[in-house]
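**Student:** One letter stands for each residue in the lines below.
Protein chains: 2
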Amino acid sequence: MLKGGAFKTECHILSIMTDISDFLAEKAKSIDERILKYLPEKFDEKYLEWAFGKARYAYDVKTLQKALSGPIWDFLKRGGKRWRPAMFLLVAEAMGGDIEKMADFVVVPELAHNGSIMVDDIEDMSEMRRGKPCTHNIYGIDVAINAGNLMYFLPFLVFIKNRDSFEKDILIRAYETFSQEMIIIHLGQAMDIWWHKGNDEGLTEERYLQMCAYKTGTLARLSAKLAAILSGGTPEQIEKIGKMAEAIGVGFQIQDDILSASGKEFMEKKGFGDDITEGKRTLIVIHAMKTLEPEDGKRLKEILNMHTRDPKLMQEALDLLKKGGSVEYAREFAKKMVSEAWEEANPVIPDSSAKEKLKSFVDYLITRKI
Amino acid sequence: MLKGGAFKTECHILSIMTDISDFLAEKAKSIDERILKYLPEKFDEKYLEWAFGKARYAYDVKTLQKALSGPIWDFLKRGGKRWRPAMFLLVAEAMGGDIEKMADFVVVPELAHNGSIMVDDIEDMSEMRRGKPCTHNIYGIDVAINAGNLMYFLPFLVFIKNRDSFEKDILIRAYETFSQEMIIIHLGQAMDIWWHKGNDEGLTEERYLQMCAYKTGTLARLSAKLAAILSGGTPEQIEKIGKMAEAIGVGFQIQDDILSASGKEFMEKKGFGDDITEGKRTLIVIHAMKTLEPEDGKRLKEILNMHTRDPKLMQEALDLLKKGGSVEYAREFAKKMVSEAWEEANPVIPDSSAKEKLKSFVDYLITRKI
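Chains as they are written, first to last, in my numbering: chain A, 1 to 370; chain B, 1 to 370.
Be a bit skeptical, because a hint or two may be false.
A pair holds if it fits inside one copy or across any two, identical chains being indistinguishable in the list.
[What the hints assert, rightly or not] Listed next, the in silico DSS-like pairs over lysine-lysine satisfying Cα-Cα at most 27 Å (straight line): (1) 323 x 66; (2) 290 x 66; (3) 298 x 66; (4) 243 x 62; (5) 42 x 197; (6) 42 x 355; (7) 323 x 77; (8) 27 x 161; (9) 37 x 62; (10) 312 x 243; (11) 168 x 101; (12) 132 x 197; (13) 336 x 197; (14) 27 x 168; (15) 322 x 132; (16) 77 x 66; (17) 66 x 355; (18) 46 x 243; (19) 290 x 62; (20) 62 x 197; (21) 132 x 29; (22) 101 x 29; (23) 27 x 359; (24) 197 x 66.
Rather than coming from a laboratory, the hints here were simulated on the basis of the structure.
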C-alpha cells in the first residue's frame with residue numbers, strides 16, 4: 001500500500017519540486033551576475049561610457065545611480081523566482097544552443113518582467129510588492145515609471161553588445177521577437193486595465209485567455225522563443241516552443257489566481273486577496289459568473305466592484321468562487337492547456353536530459369503551492 | 001534705408017518662417033496618414049491581425065480601441081508641429097535616400113515623441129497639454145501610462161513590416177539606433193526628475209546640457225540618424241548629422257525655456273510659466289544662479305522650490321532671470337551651439353535644394369516665436 005499510485009505521484013511531485021527549486025536557486029546567482037553586467041548597482045564613468053557612450057558634456061554619475069540603479073536593484077533584490085531566464089537557459093540547452101554565447105540574454109526577459117511589475121503596480125496603485133512598499137511608494141511615481149521603462153529598454157543593450165556573436169538573420173529575428181512581444185504586452189495590459197474599471201460587458205472566457213496570452217504569457221513566450229532563435233531553431237521549433245511557453249505563462253497566472261482564491265498561506269505571503277480588492281476578472285471569476293445562480297453571480301460582481309478590503313466581504317467572494325466549482329475548473333483548465341501545449345512541442349525538441357528537466361520545470365510551475 | 005541690413009534679415013527670417021510653416025503644414029497630413037496605417041483610429045479584426053498576428057483565442061476589438069487608439073488619437077489630434085518626422089524626410093532627401101521606401105519610418109520619432117510627452121505629463125503630474133487636460137486626467141493614470149508606453153514600442157512594427165526593403169546591415173543599424181536612443185532618453189529623464197525634486201547639489205551647466213542632449217536631443221537625433229542610416233549614409237555622415245540634429249533638439253528646448261521665461265503670448269498659449277511652478281532648472285536658471293548676487297540667487301531658488309502658482313511670485317522669478325542677463329545668455333548659447341553643429345555637418349551633406357531647406361529648417365526652429 002505504501003507504494004501505491006497516489007503516494008508515488010505525490011512523492012514524485014515532491015522530488016521534482018525540490019530538484020527544480022534547487023535548479024532555480026543555483027541559476028539565480030549567475031543570472032543576477034549577468035544583470036549586474038548591464039546594470040551595476042554602483043555606477044561609474046567607465047560603466048556609463050561602456051553602456052551609453054562617451055558623454056558629449058558630462059555625466060552626473062550619482063544622480064543616474066540614485067534615480068535608476070537604486071530603485072531597480074531595490075526591487076530586483078526582493079527576490080522573484082527568475083524562472084523566465086531559467087527557462088531560457090533550459091530551452092537553449094535542449095535546443096543545443098551555445099550557452100556561453102547566449103548567456104547575456106537571460107537579462108532580457110528578467111529585466112523586462114520586473115519592469116512590467118513595477119509599472120503594473122503604478123497602474124494598479126498597489127501598495128506592497130514582495131513584502132515591501134511598491135517602488136512608487138518609496139521613490140515617487142515619476143522615478144518608478146522612468147525606472148520601470150528603462151527596464152523595458154535596457155535589454156536592447158544586450159542585443160547591441162552581442163551583435164557580432166550571431167548571424168544577421170538570427171539577430172534580426174531576435175530583435176523582431178523582442179520588439180513584437182513588447183508591443184503585445186501592452187495590448188494585454190490594455191484589456192486588463194479596461195476591464196478592471198468595470199467595463200467588462202464584452203468579457204468572455206476566450207477574450208480573457210487572449211489577455212492572458214498577451215499579458216502573462218508574453219515574457220514566458222519571449223524567453224523560450226528567444227532561446228530557440230538564438231540556438232538556430234527552425235521557424236516550426238520556434239513557434240511551437242513559444243506556444244508551449246505561452247501556455248506555461250498563462251498556466252502560471254491561473255495558478256496564481258487559484259492560490260490567491262484558496263491558499264491562505266500564499267495570500268498572506270504575497271499580500272494577496274488583492275484580486276478581490278482589485279476586482280480582477282480572473283478565469284475563476286468568469287466561470288463563476290457563468291455558472292453561479294443569478295443572485296450569487298450578482299452578489300459576486302457587487303463585491304468585486306466595491307474594491308473593498310473588508311475581510312468579511314472578501315471571504316464571501318472567495319466562498320462564492322468555490323461554490324460553483326470554479327476554482328477546480330480553473331485548475332483542470334490550466335493542466336489541460338499546458339499538457340496539450342507540451343505534447344505539441346514535444347516532437348520538435350530533440351530528446352536530452354535538458355529536455356527532461358524542461359518537462360519537470362513545466363510540471364513544477366503549474367503544481368507549485370506558492 | 002528700407003533695404004538696410006536689419007530689415008532685410010528680419011524679412012529673410014519672416015520668409016523662412018512662412019516657407020517652413022507651409023512645409024510643415026503640408027507634410028503633417030501625409031505623416032498622419034502613415035501613423036494611421038500603423039495605428040488606425042478605428043480598430044477592426046483585420047488591422048489587429050495585420051499588426052499583431054492572429055488571435056490564439058479572440059480579440060476584444062472594442063476594448064483595445066478604447067484603451068489604446070482612443071487616448072492616443074485624442075492626443076495626436078491636438079496638434080504638435082510634427083517637425084521631427086519632417087526633419088527625417090528632409091535629411092533623407094538631402095542624403096539621396098529612397099523616400100517612398102523609407103516613408104513609413106516617419107512614424108517612429110513622432111509616436112515615440114508623443115508617447116514621451118504623455119508619460120512626462122504623468123511623471124510631472126501636469127494638468128494641461130495643448131489646451132486640453134492631460135491624458136491621465138481624462139483616462140486615468142493606468143490607461144495613460146500603458147498607452148504612452150505602447151507609443152514607445154509600436155514604432156518597432158514599422159521595422160518589422162519594412163524588413164525586406166533594406167539590407168540587413170542597415171536594418172540592424174536602424175534597430176540599434178532606435179533602441180539605444182530609447183534607452184538614453186530614460187537617462188535624460190532620470191536626471192531631470194531627480195533634480196526637480198530639489199536634489200540639485202551637483203547640477204552644473206555641463207550636466208544640464210548632457211541631460212538636454214539625452215532628453216530633448218534624443219528624438220531629434222534619432223530622426224536624423226535614422227534617415228541617414230536608411231539612406232545608406234556612412235558612419236561619419238550618420239554621426240555628424242545626428243550631432244547636428246541633437247543640437248537642434250537642445251536648441252529647441254532652450255528656445256522653449258527662453259519663450260517661457262519671456263514671451264507672454266507663448267506662456268498663455270502653452271499654459272506655461274509652468275517652468276517656474278515645476279521648479280525647472282533650465283540653462284537660464286543655472287546661469288542666473290551662478291551670476292546673480294547671492295541674495296537674489298537665494299530668492300530665486302526659494303521661489304523655484306515653492307512649486308507655486310502665485311502670479312506675483314512667478315513674475316518675481318522671471319524678473320530675476322532677466323536681471324542677470326541669463327535669458328540673453330541662453331539665446332546666444334543656443335545660436336552658437338546650433339550654428340557650430342551645422343558647420344560640422346555641412347561638409348558631409350551633399351549640396352542640394354533639400355539641403356538648403358534643411359538649413360532654413362534649422363534657422364526656423366531656433367528663431368521661432370512660438
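**Student:** Does each hint fit the structure? Answer for all of them.
**Tutor:** Consistency of the hints with the structure:
For the homomeric pair residue 323 and residue 66, neither the shortest alpha-carbon distance inside one copy (50 Å) nor that between copies (34 Å) is at most 27 Å. Taking the shortest Cα distances, residue 290 and residue 66 sit within 27 Å of each other only across copies (25 Å), while inside one copy they are farther apart (49 Å). In this assembly of identical chains, the alpha carbons of residue 298 and residue 66 lie at most 27 Å apart only when taken from different copies (26 Å versus 48 Å within one copy). When the C-alpha separation of residue 243 and residue 62 is checked against a cutoff of 27 Å, the pair qualifies only between copies, where the shortest distance is 26 Å, while the shortest distance within a copy is 43 Å.
Taking the shortest alpha-carbon separations for residue 42 and residue 197, only the inter-copy value of 21 Å comes in at or below 27 Å, while the best intra-copy value is 40 Å. In this assembly of identical chains, the alpha carbons of residue 42 and residue 355 never lie at most 27 Å apart, being 38 Å within a copy and 45 Å across copies at closest. Proximity of residue 323 to residue 77 under the C-alpha cut-off of 27 Å is found in neither arrangement, the shortest distances being 39 Å within a copy and 49 Å between copies. In the homo-oligomer, the alpha carbons of residue 27 and residue 161 lie at most 27 Å apart inside one protomer (22 Å), although the nearest pairing across protomers, at 37 Å, exceeds that limit.
In this assembly of identical chains, the alpha carbons of residue 37 and residue 62 lie at most 27 Å apart only when taken from the same copy (18 Å versus 43 Å across copies). Within a single copy, residue 312 and residue 243 get their C-alpha atoms no closer than 40 Å, and across copies no closer than 62 Å, so neither meets the 27 Å cut-off. With identical chains, the CA atoms of residue 168 and residue 101 are at most 27 Å apart both within one copy (15 Å) and between copies (21 Å). With identical chains, the CA atoms of residue 132 and residue 197 are at most 27 Å apart both within one copy (26 Å) and between copies (23 Å).
Proximity of residue 336 and residue 197 under a CA criterion of 27 Å is satisfied in neither setting, with 31 Å inside one chain copy and 52 Å between copies. For the homomeric pair residue 27 and residue 168, neither the shortest alpha-carbon distance inside one copy (29 Å) nor that between copies (35 Å) is at most 27 Å. Taking the shortest alpha-carbon separations for residue 322 and residue 132, neither the intra-copy value of 30 Å nor the inter-copy value of 47 Å comes in at or below 27 Å. Taking CA atoms no more than 27 Å apart as the test, residue 77 paired with residue 66 passes inside one copy only; the shortest distance there is 16 Å, against 37 Å between copies.
Proximity of residue 66 to residue 355 under the C-alpha cut-off of 27 Å is found in neither arrangement, the shortest distances being 42 Å within a copy and 43 Å between copies. Proximity of residue 46 and residue 243 under a CA criterion of 27 Å is satisfied inter-copy only: 22 Å between copies versus 41 Å inside one chain copy. Taking CA atoms no more than 27 Å apart as the test, residue 290 paired with residue 62 passes between copies only; the shortest distance there is 22 Å, against 55 Å inside one copy. Only between protomers do residue 62 and residue 197 lie at most 27 Å apart by alpha-carbon distance; the minimum there is 15 Å, versus 40 Å within a single protomer.
With identical chains, the CA atoms of residue 132 and residue 29 are at most 27 Å apart within one copy only, with a shortest distance of 22 Å there and 49 Å across copies. Taking the closest pair of Cα atoms, residue 101 and residue 29 come within 27 Å of each other only inside a single copy of the chain (18 Å); across copies the shortest separation is 46 Å, beyond that limit. When the C-alpha separation of residue 27 and residue 359 is checked against a cutoff of 27 Å, the pair qualifies only within one copy, where the shortest distance is 17 Å, while the shortest distance between copies is 55 Å. For the homomeric pair residue 197 and residue 66, the shortest alpha-carbon distance between copies (12 Å) is at most 27 Å, but the shortest distance inside one copy (34 Å) is not.
Hints 1, 6, 7, 10, 13, 14, 15, 17 from the list above are not met by this structure, while the remaining hints are.
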